[in-house]
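Residue numbers (my numbering), protein chains in the order written: chain A, 1 to 75; chain B, 76 to 228.
The set of hints was computed from the structure by calculation and includes no laboratory data.
All residues carry an ideal CB built from backbone N, CA and C; glycine is no exception.
Some hints here could point you the wrong way.
Simulated crosslink set (SDA-like; lysine to any residue; CA at most 20 Å straight-line) [claimed, not checked]:
id	chain 1	residue 1	chain 2	residue 2
1	A	Lys-52	B	Arg-174
2	A	Lys-42	B	Asp-145
3	B	Lys-199	B	Arg-174
4	A	Lys-45	B	Lys-213
5	A	Lys-52	A	Ala-34
6	B	Lys-191	A	Ala-19
7	B	Lys-147	A	Lys-64
8	B	Lys-199	A	Lys-42
9	B	Lys-213	B	His-184
10	A	Lys-52	A	Pro-40
11	A	Lys-52	B	Cys-110
12	B	Lys-199	B	Ile-221
13	B	Lys-191	B	Ala-202
14	A	Lys-45	B	Ala-104
Here are a few chain A residues that sit away from chain B, every Cβ distance over 12 Å (derived from the structure) [said to hold, decoys possible]:
id	residue
15	Cys-4
16	Pro-12
17	Leu-13
18	Asn-14
19	Ala-19
20	Ile-25
21	Ala-32
22	Ala-34
23	Cys-51
24	Lys-64
25	Asp-66
26	Ser-72
27	Glu-73
28	Arg-75
For reference, the chains in residue letters:
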Amino acid sequence: MPGCTSCHTDSPLNAGQHAVTGKNIRPLAVAANAERFSDPAKVEKWFGRNCKEVVGRACTPAEKADFITYLSEVR
Amino acid sequence: MKRIFLIALLGSAFPAMAHRLPMPANAPASYQAECSSCHMAYQPALLPANDWRKLMAGLNEHFGSDATVDPKNGAEINAFLERNGGDPKRLGSAGTPPRITQTRHFTHHHHEVPPKFWRDPRVKSAANCEACHSAAAKGNYSEHDIAIPELRE
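Next up, chain B with everything else stripped away, as it sits in the complex:
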């Protein structure tokens, strides 16, 4: 019991630590260059390797856009994502096509966000992590750093 209390206390003392998700240091330059022109270069731990594989196989119709990359960059990005994909048990199913925002991990952390926040023109899409988590690309998803004050709860 004492131990559980201590763990809970530590958790509340360092809440930001629970929301740190750094980009692996071995990320190839192509990952940033190719993926972050339309959206943030999501940390690979946000989807299991198997889902990244499915996404990479369908880049010609990537959520309504042609996001094909040349074969050399494609192979490099594939290898990086497969090496650093997240734990499927912890993340939960991402659906078809796989979406980070459909994983249990994501919905669990965002269930209190009202629909009107997602529709806010500054947010536009749940794919736009940086609208609220301004340092998301650096791996900081702490709820204490939500960028839009009136969306902070």
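The shape of chain A in the complex, shown without the other chains:
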């Protein structure tokens, strides 16, 4: 199973690269990418896909809240 870092690097402030296709991925941190978490439907879609792929199950609401809080504040 891939980790978050497989595509997003070990710093959320960095641009990443899709582990399979090589496509560039803009940074996860809001400080580096103001569009992050601005579209709720998109946020849910990616939690749905990536939690399944990385954690092997759906993420809980508390986990999602922690994740967004961290990425909104990290600098």
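Go by the hints and put chain B onto chain A.
What follows is chain B alone, placed relative to chain A:
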């Protein structure tokens, strides 16, 4: 004979024209939004409609990833791909699951690319058209515009 020579001459004078593959103007916004987050939004002419149909039916296991889209976007993307799919006779078989990179059309144009180029970290995958064809998303696949100079031959 004269005519064949003229055609050959025109072909070499305008090589870029042979490698233009624009996105159809009626592409729905959902096609870009949904497909291009993990890879380039490939021009629908790169696979026959029947293969696009197979791909769209298996998005929950799309080359190892869950790429499901909501039903409304799914229907819109399906209709677009079916309307604009490529010529199956010209493209050749894409295999199962269908891969653009397995079509005869693709292999014919890339047979001279050595394996180490595909493994280059800047390329990573043959699915990553833009690594070499930087304007691929705009439909420019001319070999004169290969983005990585040492991979240009």
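Nearest-CB test (12 Å) between chain B and Lys-64 (chain A): holds, 17 Å
Holds or violated: Lys-191 (chain B) to Ala-202 (chain B), with C-alpha atoms at most 20 Å apart: holds, 15 Å
Least C-beta distance from Ile-25 (chain A) to chain B larger than 12 Å: violated, 8 Å
20 Å Cα cutoff - pair Lys-213 (chain B), His-184 (chain B): holds, 18 Å
Pair hint outcome, Lys-191 (chain B) versus Ala-19 (chain A) [Cα-Cα no greater than 20 Å]: Since the Cα atoms of Lys-191 (chain B) and Ala-19 (chain A) sit roughly 18 Å apart, the hinted pair holds (cutoff 20 Å).
Check on Arg-75 (chain A) being off the interface with chain B, judged by Cβ distance over 12 Å: holds, 25 Å
Minimum Cβ-Cβ distance from Ala-32 (chain A) to chain B exceeds 12 Å: Answer for Ala-32 (chain A): holds, closest chain B Cβ roughly 17 Å.
Given hint Lys-213 (chain B) paired with Lys-45 (chain A) - CA-CA distance at most 20 Å: Distance ~27 Å between Lys-45 (chain A) and Lys-213 (chain B) Cα, so the pair is violated.
Verdict on Asp-66 (chain A) as a residue remote from chain B, using beta-carbon distances over 12 Å: holds, 22 Å
Interface-negative label, Pro-12 (chain A) against chain B, beta-carbon threshold 12 Å: holds, 17 Å
Claimed clearance of chain B by Cys-4 (chain A), with the beta carbon kept past 12 Å: holds, 14 Å
Check on Ala-19 (chain A) being off the interface with chain B, judged by Cβ distance over 12 Å: violated, 8 Å
Consistency note: the structure conflicts with the earlier hints numbered 1, 4, 5, 7, 8, 19, 20 and 23.
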